[in-house]
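Protein chains in written order, with the working numbering: chain P, 7 to 361; chain U, 7 to 361; chain W, 7 to 361; chain X, 7 to 361.
Bear in mind the hints are in silico, worked out from the structure with no lab data behind them. Beta carbons are placed, not taken as given, at the ideal position from N, Cα and C, and that holds for glycine. Check before you lean on any hint, since a few could be wrong.
For lysine-lysine, the following DSS-like pairs were computed, each having C-alpha atoms within a straight-line distance of at most 30 Å [what the hints assert, rightly or not]: (1) W/Lys218 to X/Lys258; (2) P/Lys218 to U/Lys200; (3) W/Lys257 to X/Lys233; (4) U/Lys257 to P/Lys257; (5) W/Lys233 to X/Lys218; (6) W/Lys258 to X/Lys218; (7) X/Lys102 to X/Lys8; (8) P/Lys218 to U/Lys258; (9) P/Lys233 to U/Lys200; (10) U/Lys233 to P/Lys258; (11) U/Lys218 to P/Lys258; (12) U/Lys257 to P/Lys233; (13) U/Lys218 to P/Lys218; (14) W/Lys233 to X/Lys102; (15) X/Lys8 to W/Lys257; (16) P/Lys233 to U/Lys258; (17) P/Lys233 to U/Lys218; (18) W/Lys200 to U/Lys200; (19) U/Lys233 to P/Lys218; (20) W/Lys233 to X/Lys258; (21) W/Lys233 to X/Lys257; (22) W/Lys257 to X/Lys218.
To give an idea of the interface, some chain X residues facing chain U are shown, with a C-beta separation under 7 Å as derived from the structure [to be verified]: (23) Arg24; (24) Phe28; (25) His29; (26) Tyr51; (27) Gly355.
Residue-level listing of the chains:
Number of protein chains: 4
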Amino acid sequence: MKSVVMGASGYAGAELLRILAFHPDIDVASAAASSQAGRSVAELYPSLLPHYGEMAFTDVDSVVNNLANGVEAADVVFLALPHGLSQTIVPRIYEKVGLIVDLSADFRLKDIERYRAWYLAEHTAPSYLCKAVYGLPELTRAELKGARLVAAAGCYVTCSTLALLPLVSAELIERDSIIIDAASGVSGAGRSLKHNYLFTEVEENFSAYGLKHHRHTPEIEQNLRAKVLFTPHLLPTNRGILATTYSRPTKKFMDAAGDFEPERIGSEVLLAEMARAYSEEPFVFVTDFPPSIKSTLGSNYAMVYGTYDERTNTVITVSVLDNLVKGASGQAVQCANIALGLPEDTGLGALGLHP
Amino acid sequence: MKSVVMGASGYAGAELLRILAFHPDIDVASAAASSQAGRSVAELYPSLLPHYGEMAFTDVDSVVNNLANGVEAADVVFLALPHGLSQTIVPRIYEKVGLIVDLSADFRLKDIERYRAWYLAEHTAPSYLCKAVYGLPELTRAELKGARLVAAAGCYVTCSTLALLPLVSAELIERDSIIIDAASGVSGAGRSLKHNYLFTEVEENFSAYGLKHHRHTPEIEQNLRAKVLFTPHLLPTNRGILATTYSRPTKKFMDAAGDFEPERIGSEVLLAEMARAYSEEPFVFVTDFPPSIKSTLGSNYAMVYGTYDERTNTVITVSVLDNLVKGASGQAVQCANIALGLPEDTGLGALGLHP
Amino acid sequence: MKSVVMGASGYAGAELLRILAFHPDIDVASAAASSQAGRSVAELYPSLLPHYGEMAFTDVDSVVNNLANGVEAADVVFLALPHGLSQTIVPRIYEKVGLIVDLSADFRLKDIERYRAWYLAEHTAPSYLCKAVYGLPELTRAELKGARLVAAAGCYVTCSTLALLPLVSAELIERDSIIIDAASGVSGAGRSLKHNYLFTEVEENFSAYGLKHHRHTPEIEQNLRAKVLFTPHLLPTNRGILATTYSRPTKKFMDAAGDFEPERIGSEVLLAEMARAYSEEPFVFVTDFPPSIKSTLGSNYAMVYGTYDERTNTVITVSVLDNLVKGASGQAVQCANIALGLPEDTGLGALGLHP
Amino acid sequence: MKSVVMGASGYAGAELLRILAFHPDIDVASAAASSQAGRSVAELYPSLLPHYGEMAFTDVDSVVNNLANGVEAADVVFLALPHGLSQTIVPRIYEKVGLIVDLSADFRLKDIERYRAWYLAEHTAPSYLCKAVYGLPELTRAELKGARLVAAAGCYVTCSTLALLPLVSAELIERDSIIIDAASGVSGAGRSLKHNYLFTEVEENFSAYGLKHHRHTPEIEQNLRAKVLFTPHLLPTNRGILATTYSRPTKKFMDAAGDFEPERIGSEVLLAEMARAYSEEPFVFVTDFPPSIKSTLGSNYAMVYGTYDERTNTVITVSVLDNLVKGASGQAVQCANIALGLPEDTGLGALGLHP
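So here's chain P without its partners, still in its complex pose:
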């Protein structure tokens, strides 16, 4: 099948090229990136040289026009563009291409009011919100089959949701007071040219940012149907997201944990529920220790863990993934595989690098 990657010069776009290089069923016909149009892909990303030595970036507008006008065709279009651009492109190509997988936040929130409140802007293609299937296979696999427009889930969102969803679904934790304290490698900010992301500013540093108002908050709340306080931090790493969450156990949890050794039994209940939820999942693994981000470096796997602290009556979870793979481009390919009827793990089996 023939694919187009738009926004191919950004990190998520380049990661799509990396992953698709060895996808047996999806070829990259065009790598569009307006700011780099005409430039060799391998010049910007020498790591892609062995596979994309002959490819140059195309222009996003031209490719969109060609797709809209039927001059070009594509089985799947990946949109890895800056915030807000997908809204302008999707309506133009939706009827012309087989599948659109959008990696931006444009079509993730189902509630237009929530979009307005958190993005401080009017959505310019609201009629497509209901057409878009939210792209988190562990949550929406059934709907993804045959989907035409996928809004792939965000990186922090995926990491947090995978840890907490089994627990809220099983009514083991309360939905009204979840705290998510998370940290991401710098690639989460994309290839943005800002002083904040200079090596000299990030190395040997660690900081909280986006306090109270990070836009992944409503997306997590939508997934969990819960109220969430989300605090991200910037790690001095290239990749990786780790989320540590704190929540209150429910009465149902306390009953299951019992009176004798509630900390031990309660922790087992949490792990058992996670294990049950993910027993058939190809990319989510439950660990019996708090996982670390390096365990998933460069891979599409996520790892989740949970434990109960009796002393403060708190459920703690720790979860990790690679923000550019399971948190972005790997997830987009996984969603595309499902939507296109391919085996879900096609092209995604690589294990994490260590060290």
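Mind docking chains U, W and X on chain P? Use the hints.
Structure of chains U, W and X alone, referenced to chain P:
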């Protein structure tokens, strides 16, 4: 004045040597480190060569014997030894030296039961617990004056306490449900030779550890007279601690925040209380943004920040310091300065390195 | 085909497991590691959990005995053991298994005197030196076909040889005065538990080591039939080797470069010769800019570059690769593929991670 | 004394502020930075908050005008401006201020032709070239006394010169074929907003740059009166420069090394000559092992080492310093101290941070 540094081959010990090199009133007469006795200080720490080119490590046992027998004298003895050793040394030299500043946890907890519960061992010198002054000048300055035995506060503890103490003291946050999510650079583990601390295991990594049972928990609780859930994480940095805390506002806070713009006013109330508390403090600065660890790299300063989230009704604080300076050796020198009647900031004025 | 990985708990061994996880023709039947025998592979390397969740490390001695006694069989045995052990194992299993690929230095040097001089020890299995095929496909592909014992080339050696071999072979540079200044990520030292390799010692650091006497020197000299001064440095990275070399141009080179614009023409001559040499190679790419280590991170590719400085009459080359892949485990699999008659790039196509 | 720092928002400028904060004799009256004029110093550099909490950046043009017009006065003006700006400022203020210390390359080269050839531009203030004293105290201390205009030596230049100068001066190495292979932390590029210096591009990376044409080359050649091939590399560290050099021993060296054990004796000759040259120097230390950059992190010290390889008949040196301190701002203050008649090490005694 003449000082002895015991445990001088560890990172806290070497940091004491670094700081004391330009302390105008305290000289290092001996750097004791059993495992390295006889070896040149500069061989192990070439950074110390310019000042300690002629010094070799001495043997801890010999120096303790000499101090105990009166063969050697010292105005101040810094103990930067592994857990549990200070208990065996303090009783032997307490009457012989002017001042002992212990950087370990041996004399920090006042409640012998708490010590037993968290350290899973009997304290071998319990009668010295009440003699020891807890070494956090911002909390115990008055008692430190003229002290003979100081139990310098722990690194995570200092960082967390400095952020939260003004708020619990002013009754702005509840004491029963404080969550502290913190991260430390690897030097917090000392110079321990464990696979976990190899470069290849830490670089591009981030992980939670010591969940629910980290021994700094009871020390934070002792300082705040509160119940605390504390989760530390390991950062891929040499130095630095950042603590993000979550707590519930009190009725008093809500009254002060008012009904009109509680988020804005409440946040101002927090910063104002912090500013009031630290207005005379030489080493604690209140920032109007979440501080980052690099702002205090290599310095004895701490920075604290607080804000209120109306949506989830949570008070958030962020605080930072260098775990080896304000979190260990700088604090020890600050305590010694106070105990010895010297200006508190003597030898400690250096600003943080950036970048 | 059935393989055994010995030394599977080290970084090269674990990298073999990572690569072989998706090799379609070679299965890992046993991962032997004496110090970890009985322990779960995924406990030590959580990144391997998705594929090796059920596997535990076996014992090296037992596996060797079983192979020697015919109790077990293997089509290929990878030896990723510490220096000196392969010499003791190869004679015992050579006749019993289809192929041995040794990643150590034990069988790389053909000259027993050189081995003695650089390794300061007697070789205990000298009769196998002539049986061993040196494992650098770009140099010894023909001999590798059907080989029974392969001595895979070293990491620094591969990086340096790939840059310089085309130039010495084409007689463009003199063989008597080659300087190689190289740097490696910390995984080059394996999972050694030494203070030197602690995060706190390596991060924000850079140093030269093994001056004049690094054991990769004679191996480079053997490949190039040249005299080489080799100086390695330790980089604060997990992976990656970069070699910058300096050599004297030959008369043949000067003639080719001409009088008019020798710097430009000469540089073109170098790149053209490299391009010619590697035109059919699947894993070596010639770049027209000095390559950086990140371009090959996690991949089996190497990149090489050369240029001529007229002012000082020096040929400079820069080359890079991932020390654990093309410098160790990827190369071992590439050699095995050739020896076993498989397509050479089987299981090795992954592109480098960026960022 | 009253100082002005121009270019105070760059890393060298901020480093001057950091160092001068505790200089007992030089106060910072104004921190000028055109792009940041009006902004709080501590907002850009929170690490400077404890000392510069009240200071805002001033405007370079205004300050220059005020100095030129006599509206403001300054005992010493530090210029830490981008390349080329100092040439336009020095002529305007030279007669008005006590001392100018320029950290740029504008006045370092004495030969106007060399300037033109390497900087590809006409010098706009050539008459000041002879007025400027080159600022490398170990080479030009005598001339620095009472100087009015100092051109502080470059970072790579200082590191390389300190290693090689004693050896060329003593005629132990040949001047016609010196190779310098060096690496620098990212702060050497200043606070430049370029993709190359993003964390995601530098972390886990290492690369050569500026091959054959780096502008520090003629400056090193001027200091050593030698022909030099200089190849810099970019390290994934904040700070630090390490230079490894290769040169040919002279007949004088060979005579001194003798026939019996030339490698051992020759190496001793090198170290002895370095030790002799620096016996009175406060900031240069000779080590008997190859020094690493972390040994000088945040300090004004440099460390140098040399050894002789008999096998390839090559003299090797390794030297290190912190590019922002001894390679820039610390050196500028050292030069100012000398020029102003202060003790040379005033404000510069801090030891390096480890870890």
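*Of the hints stated earlier, which fail here?*
2, 9, 14, 15, 25
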